[in-house]
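Undergrad: So the chains spell out like this:
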Amino acid sequence: MQATILVISLLGMIAVIAIFLRAISHGATASQSGTVSDNIEQKRSRLIWGLLVFGVIVTAGSLWNWPHDAEASSDSISVNVTGGQWFWEMDRETVPAGKPIIFNVLSKDVNHGMGVYTADGTLLFQAQGMPGYVNKVKYIFENTGTFKILCMEFCGLSHHDMNASFKVVANASGEK
Amino acid sequence: MSMTSTAAPSPQTGAVKVAMLISGAVFVLMMLVGVLMRAAQGDLLDLDPALFYQLMTAHGAGMVGTAGLSGAAIMWYFLGRHVALTRWVFHIFLALFLLGVVLILGAIFLGGFGAGWTFLFPLPAISGGAWDLGAAAAFLLGLVSIGVAFLLFYLEAGRAMISAYGGLGNALGWPLAFGGSTENAPPPTIIAAATVTVFNTLGIVVGAAVLVVSLINLYLPEFAVDALLAKNMIFFFGHVFINASIYMAVIAVYEVVPEYTGRPWKSSRIFALAWASTLLFVMAVYPHHLLQDLVMPGWMLIMGQVISYLSGIPLLAVTAFSLIVYLKGSDIRWDLAAGLLVLGVAGWSVGSVPAIMDGMISVNKVMHNTQWVPGHFHIYLLLGEVAMAFGFMAWLVRGDVAQSRFTTLDRLGIWVYIAGAGGFTLMFLISGALSVPRRWAVHMEDWLTQDRIATGFAVLAVLGALIFVLRFVGGLGRSSKA
Ligand code: HEM
Ligand SMILES: [Cu+2]
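For the record, the sequence lines run as chains A and B.
If you count by the numbering used here, then the first sequence holds residues 1 to 176, one letter each, in order.
If you count by the numbering used here, then the second sequence holds residues 1 to 482, one letter each, in order.
The hints are simulated quantities; they were obtained by calculation from the structure and are not laboratory data.
Given the structure is predicted, the values throughout are model-derived calculations rather than measurements.
Do not take every clue at face value.
As the list claims (entries may be wrong) - Residues from chain A that face chain B, not an exhaustive set, calculated with beta carbons under 10 Å: (1) 13; (2) 86; (3) 100.
Unchecked claim - Over the 12 Å line for every Cβ pair with chain B, so calculated as not near, a few chain A residues: (4) 10; (5) 25; (6) 76; (7) 80; (8) 99; (9) 113; (10) 124; (11) 142; (12) 164.
Stated by the list, open to error - Now the stretches of chain B that chain A is said to cover, found in silico as 3 or more residues with beta-carbon under 8 Å: (13) 269-281; (14) 294-304.
By construction, the Cβ of each residue, glycine as well, lies at the ideal position given by its N, Cα and C atoms.
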C-alpha cells in the first residue's frame with residue numbers, strides 16, 4: 001500500500017517538475033517562436049475539465065467502499081484500547097485472525113493515536129483516541145503473529161515510548 | 001509616525017525590509033533547530049526528549065509565525081502600491097508580533113513548554129510534569145498577541161481595500177468572477193489580498209476563541225471545552241493560517257514576475273474565479289486533518305477529501321499554468337529574485353501532489369501522522385512560501401532589472417538550496433512510506449538511515465538559505481528601493 005502511494009506521488013511530482021523545467025528551457029527560445037498562441041485558454045479549460053473528471057473517478061473509486069466502515073456483525077469481536085500518558089491498555093491480549101475486529105479507541109487524558117503495526121514495522125491502520133469519545137475502527141487480520149501499537153498523536157514527554165503489543169491467533173475465539 | 005493615512009499609495013519599504021530581515025534571520029535560525037531535531041532522530045546527537053519537544057514546539061511556532069510574517073510583509077508592500085495604508089498599523093503589527101515571540105520563547109526555554117505549536121487541547125494543561133501552567137499560559141498568550149497583531153493588520157488592509165474599491169465584493173473581484181464585468185476590475189494583488197483578508201480574519205477569530213478557552217481551562221479545569229470541538233477549531237485555524245502565508249507570498253509573483261517577462265499579470269475572469277473558489281476551499285478543507293477522528297460526521301470527512309483535491313485546481317490550472325505560459329512566451333533574464341519566485345510556485349505545485357494523496361481517506365489511514373506529513377508540508381513551505389519570501393528579499397535589494405546580474409554565488413545558492421531542500425523533504429516522504437511516525441524524539445534502529453541522510457541534505461538547505469540572507473543583508477546598504 002505505502003509503496004504504491006509513494007510511487008504514484010513521485011510520478012505526479014516528477015510530472016509537475018518536468019512541466020516547469022520545459023517552460024523554463026522553452027523560455028530561452030521564445031523570442032524566435034513568436035507570441036503566446038491563442039489556444040492557451042482552450043488548453044487551460046481542457047486541463048481544468050480533465051482534472052475534474054479525473055477527480056470524480058478517483059473520488060468515487062476510493063470512497064465506493066467506505067474506508068471507515070466499523071459496523072459490528074454477528075462474527076465481529078470488540079477490543080477496547082485505551083491510551084493514557086504514557087501507556088496503552090487493552091481489554092484482551094489476543095484476537096483471532098480472519099474475523100472482523102472492532103477496536104474501540106479511548107483516552108484517559110489527552111489526544112493519542114492508536115497505530116497498529118506489523119512486527120516488522122508496517123503501519124496497517126490507525127485511529128485517534130480522544131477524551132470523551134470512542135473512535136471505532138474495524139480490521140480483519142489475515143496473518144497470525146505479534147502486532148504492535150505505537151502512538152500516532154503527540155501526547156507529551158514520553159509520546160515515543162507509548163508502545164504495546166498483542167497477538168493475532170488462529171483460534172476462532174481468539175483465546176489463547 | 002503619523003496618525004493619518006498617506007494620501008497617495010506608496011509602499012512602506014523601510015518597515016517591510018525590517019520585517020524581511022527578521023524573517024530571514026528567524027528562518028535560518030529555526031532551520032538550524034530543524035537540523036538539530038533531524039540529527040537527534042538519526043541518533044547523531046543526544047538530545048533529551050524534553051528538549052527535543054521544546055525545540056519542536058519552537059520550530060513549529062517559529063516557522064509558522066515567520067511564514068505568516070514574511071507573507072504579511074509581502075502583501076503589505078504590494079498593497080501599498082494600490083491603496084493608501086495607515087503606516088503605523090504595520091509598526092504596531094511588528095511590535096505585537098515580537099511581543100508574542102518573546103512570550104513564546106520564554107514559555108518554551110524558561111518554562112519548558114513543549115506541547116507543540118498546535119497546542120492540542122487538553123495537552124497544554126496536562127503535561128505529565130514536563131511544564132507548569134504558567135509556561136502554558138505564556139505560550140498561549142504569546143499566540144494571542146500574534147493573533148491580535150494579524151487581526152489589526154487585516155482590519156487595516158480590509159479597510160483600505162474597501163474604501164478604494166467601493167466594497168469588499170468589488171475588492172474580491174466578484175463582479176468579474178460572477179458577472180464577467182471587466183470594468184474597474186481590481187488588479188491581482190487586490191483580489192488575492194482581499195481573499196486572504198477575509199479567510200484569515202475568520203481563521204484567526206476562531207483561533208483566538210480556542211486559545212482563550214484553553215487559557216481559562218488551565219486555571220479552571222472544570223471549564224472544559226469538548227475535545228473534538230477544540231480539535232476542529234485548532235485545525236481550522238492552523239490550516240487557514242499557514243495557507244494564508246503562501247497565498248500572501250504569491251502576490252510577489254504576480255507583481256514581480258511581469259518585470260522579467262514584460263507581460264502584466266492580468267485579472268482575468270478565470271483568475272477571479274480561481275480566487276473566489278480558493279476562498280471557499282481554504283476554509284472548507286480543514287477536516288482533512290481529522291480523517292482519523294472516526295466520530296466526525298462522514299460527510300465532513302468526504303468533504304475534506306474532495307476539497308483537498310479541488311484546492312489543487314486553482315493553484316495548478318490558474319497560478320502555475322499562467323506562470324508557465326508567461327515563462328514560455330518571454331525571453332526572461334534570470335537572476336536570484338526571478339529564480340526563487342519561480343521556484344516558489346513550482347515547489348508549491350509539487351508539494352500539492354503528496355498533500356492531495358494524504359487527503360484521501362484510504363491513504364490517510366496509513367500516512368496520517370507519519371513523516372509523510374512533514375514531508376509534504378516542508379515541500380510547499382521550504383520550496384514554496386520560503387522560496388518566494390527569499391525571492392522577494394532578493395528583489396527588494398536588487399537594483400534596476402536591466403543591471404541585475406545572476407552571479408555565480410546566486411546560482412550556487414539556488415542549486416544548493418534546491419538540492420538540500422529536495423533531498424531533505426524526499427527523505428521525509430520515504431520515511432513516511434516506511435511508516436515512521438512524526439513527532440518522535442527517539443527513533444527506532446530501523447529508521448536511522450533515512451534520518452541521517454536527511455540531516456545531511458538539511459545542512460545543505462541551511463547553507464543555501466544562509467547565502468540568500470547574507471546577500472540580502474549585503475544589499476540593504478546599496479539598494480535603490482528606499
Ligand atoms: C532546513 C530546514 C528545515 C529542517 C531541517 C526542518 C526540520 C524539521 C523536523 C525534523 C521536524 C519534526 C519532524 C517530525 O515530526 O518527526 C519539523 C517539523 C516542522 N517544521 Fe520544519 N524543518 C525545516 C524547515 C521548515 C520550514 C521552512 C518551515 C515553515 C516555514 C517548517 C515548519 C515546520 C512545522 C510547522 C513542523 C511541525 C512541528 C510539529 O510537528 O509540531 N520547517 N521540521
Ligand atoms: Cu502519543
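Undergrad: It remains to establish, for every hint, whether it holds in the given structure.
TA: Do the hints match the structure? See the list:
1. 13: holds (5 Å)
2. 86: Holds, about 7 Å.
3. 100: violated (15 Å)
4. 10: violated (8 Å)
5. 25: violated (10 Å)
6. 76: For residue 76 of chain A, whose nearest Cβ neighbour in chain B is about 16 Å away, the distance exceeds 12 Å, so it holds.
7. 80: holds (15 Å)
8. 99: holds (20 Å)
9. 113: Answer for residue 113 of chain A: violated, closest chain B Cβ roughly 6 Å.
10. 124: Non-interface label fails for residue 124 of chain A: nearest chain B Cβ at 7 Å, not farther than 12 Å.
11. 142: holds (16 Å)
12. 164: holds (14 Å)
13. 269-281: This one is violated; 1 residues, fewer than the three required, reach chain A with a Cβ under 8 Å.
14. 294-304: holds (count 5)
Checked against the numbered hints above, the structure breaks hints 3, 4, 5, 9, 10, 13 and satisfies the rest.
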